[in-house]
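Colleague: Please put together the full structure from these sequences, using the hints given.
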Amino acid sequence: MRKPFRSLAAALAVALLAGCGSDGDGGGAAEGTDGGDGLTGTLTVFAAASLTDVFTELGEQLEADNPDLDVQFNFAGSSALATQITQGAPADVFASANPGQMTVVTDADLADGEPEVFTSNVLEIAVPEGNPADVTGLADFAREELTLAVCAPEVPCGAATEDVFAAAGVTAVPDTLEEDVRAALTKVELGEVDAALVYATDVAAAGGSVEGIAFPEAEDAVNEYPVCVLAEAPNPDAAHAFVELVSSPEGQAALADAGFRTP
Amino acid sequence: MSLVAEVRVQRGVLHVELDVRVADGEVLAVLGPNGAGKSTLLRVLAGLLPPDGGRVTVDGEPWDDVDAGVHLPAHRRRLGMVFQDHLLFPHLSITDNVAFGLRTRGAGRREARAAAAHWLERVELADLGARRPGQLSGGQAQRVALARALAGEPPVLLLDEPLSALDARTRLTVRAELRRHLGEFGGSTVLVTHDPVDAMALADRVVVVEEGRVVQAGPPGEVARRPRTDYVARLVGLALLPGTGEGATVRLDGGGRVAVAEETAGTVFVAVRPESVALWPQRPEGSPRNVWPVRLASATPHGATVRCELAGEVPLLADVTAAAFAEMGLAPGAQLWATVKASEVAVYER
Amino acid sequence: MRSRRERSVPAPLLVPAVLAVAFLVLPLVGLLVRTPWSELWPQLTSPGVGEALRLSLVSATLATAVSLVLGVPLAWVLARSRIRGRGVLRALVTVPLVLPPVVGGVALFLVLGRQGIVGRWLDEAFDITIPFTTTAVVIAETFVAMPFLVISVEGALRAADARYEEAAATLGADRWTTFRRVTLPLVAPGIAAGAVLCWARALGEFGATITFAGNFPGTTQTMPLAVYLALQQDPESAIVLSLVLLAVSLATLLLLRGRWLGRAGAAP
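Residue numbers (my numbering), protein chains in the order written: chain A, 6 to 268; chain B, 41 to 390; chain C, 56 to 323.
Derived by calculation from the structure, the hints in this document are not laboratory data.
As the structure is a prediction and not an experimental result, all values here were calculated from the model.
Careful, some of the hints might be misleading.
To be verified - Computed footprint of chain A on chain C, listed as stretches where at least three residues anywhere in the stretch have a Cβ under 8 Å from a Cβ of chain A: (1) 166-176; (2) 280-286.
Said to hold, decoys possible - Now the in silico label distances, taken between C-beta atoms and shown as ranges: (3) A:136 x C:97: 41 to 47 Å; (4) A:61 x C:290: 26 to 32 Å; (5) C:70 x A:261: 38 to 44 Å.
No residue lacks a Cβ here, since even glycine has one placed at the ideal position from N, Cα and C.
Modeller: Here it is, written out as structure tokens:
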């Protein structure tokens, strides 16, 4: 057990340095992680499923820096997480895959300060290995003879999909409106669809079985990821430390490796 | 000979080895305790159980011949079968139950129903044709089952304990009716039962089966009068005592002597029917030739009479009326005297 | 005559039974409490909902029909035949019960998808592609729901007295005639119960369907898919849609119970 004094000091330092709404995301963050040892207890992070790999890695790093800290994750769809938080789930941090679901939490006065955008993601065309249908750009989504998957308009990636089709002036003829990106990507991996619109991060995560094709209209639908410490956080010190870590150069480098963009 | 069967089946520890022959118009009763292999025999005859050895031939046509690899499946054997608990199809009307076998053997619906109505008339249930089996009494259901089995006019009729699920009163009436129908039936009938009265009343010939083997065969009266084993004797209600004939008396192997009416010599059986045995609280006056001290070992009521098992030098069974039993204040353990008239003792050679 | 005592439920049974009812029914009450009733009618009459509802009912009914045609004979084989490896066979056919439905959907792709073992051949030889069609919905629902029917019917067959079949054989009925005229009517209540279970499972099917058939309004979007997607955006309308599905399925089952199950159950 650490001395209470050190723990308290560390917490104070983190609280001063971190926190939602602080302008800038570099600078002090590195110091925050360096001085982060001394965090204790359990940190519970609710994060969008697309963050699974990066956040797991960052969580392990935080645990390594703070041997008495246990970091727990709940990865799921952002809307499911927002619902769970508004229903009183005991979370410390919420990282959403879109601003809309973050609004659900902030509207319920459950965020501690303003959420901060820490990364973003853009759509890419995913095709099976070898691109059997010779898909080159967004216009191919108007080809009737292809089997095409996009996200359903009800889910966040679907809203982005509608935006890019509108920007490109393409009348898409999808065969299926997928409930999430992962489901769309699975169908590409199995070779059951000729192309799907998914996020760049998903293509990066899929490895060799899926090829990504970037397209200019993607810039019309950049998907921002906001994060915040929750007002009812059982472990606010660790929560702030985690948010800092995510925005730190280390965190940003890990995100970039996974196909995310810097905000 | 219409039905000739040599049946060999191994069922667990029971080895069944039964040879039966039943002529046209003959009723053969297979009598024996539960687990003796009677039902196994019937299932083999019906084709429901392929035998491990032997053959079954009906009117010269092989139904089973294990050596020749012949096994006619049940549905291709022309027979009728009545089961203990009737097994009428619960989802079909009585008429359709009786018509079932006719339909499967190719009769048209109308033709089959007409024939079924005729058979229901013969078992005096003509007005119940529209009912379901669940709406019949046990006796009615068994009569319908008989009509169903006979409707196809098969050369072979198999009856598997047809009366044992019925209450005593119903059994009497159904038995009488069954007797009438069997008398009119031209084919070979095999009746399996554990009730000797069924065998006596219905069969032309009886085979007594014990542990898979025939222990005695013959006309029912003959078997009753001259049971060959203790089991057969008890089955038909006789006390069967082995002994040696010495003129007008028999010296029993178990000790004691029995006076008999006819002179014999050599090894014999002495058979005493339970109703011939009289019981006395004291040694009776006069000079009956057969008088033995006995102890009442057990008493079992049978209708109006009580079957008493008597232990002593000469073990006997006695039937006394329930009234007499009560009057004498009998209880197991009571010391009594038993008498039997010499003329009531049957003796036959072993 | 039946005394009051015979009718009363013993406490060791009553308490868990009440708990079970509460456990099963309270979530439904929760749905009812949160239902925005004013939205009910507009939702019901909106074309998308009608389409999804119709598709759900049609595909669940077709899946049940396919399950009956294939599943009842399978149940018979499991319950009555003496073929080797029945135990293994039984375990195999119940796999869809324990398989996460999404995995089931992927497995269907691997067989019937255009890259699948059979699907590739169908595609090349007949130009038939199954995924993302209403056929795929029926296949996915059948895959997940048929084991329920098979298990119920096998149970009913095992419970049924096989001696009726022997009686039929002695009356000249071969095994097929016996099956049709004796076995099938005898186990009709079990088949009906299995079909209801199968239909209900097919109606609620989500994972395998959305994976193998995808989600497209009018062709593959069934009610559970519509509910799930509505939940992403507008939880209140999702509640309304769930209630619609619930009401229709309950009404159907009650109707069937009155007509079909009631009659079958009355037979001894």
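Colleague: Given the hint of 26 to 32 Å, check if residue 61 of chain A and residue 290 of chain C actually sit that far apart at their C-beta atoms.
Modeller: Since residue 61 of chain A and residue 290 of chain C have Cβ atoms about 29 Å apart, the given range 26 to 32 Å holds.
Colleague: Could you say whether the range 38 to 44 Å given as a hint is met by the Cβ separation of residue 70 of chain C and residue 261 of chain A?
Modeller: 59 Å, violated
Colleague: Return holds or violated for the Cβ distance of residue 136 of chain A and residue 97 of chain C against the range 41 to 47 Å.
Modeller: 44 Å, holds
Colleague: Holds or violated: the stretch 166-176 of chain C covered by chain A, criterion of 3 or more residues with Cβ-Cβ distance under 8 Å?
Modeller: It holds: at least three residues are needed, and the stretch 166-176 of chain C offers 3 whose Cβ sits within less than 8 Å of chain A.
Colleague: Just to make sure I understand the rule, a stretch counts as covered if three or more of its residues have a C-beta closer than 8 Å to a C-beta of the chain. Does the stretch 280-286 of chain C meet that for chain A?
Modeller: holds (count 5)
In the structure shown, a violation is registered for the earlier hint numbered 5 alone.
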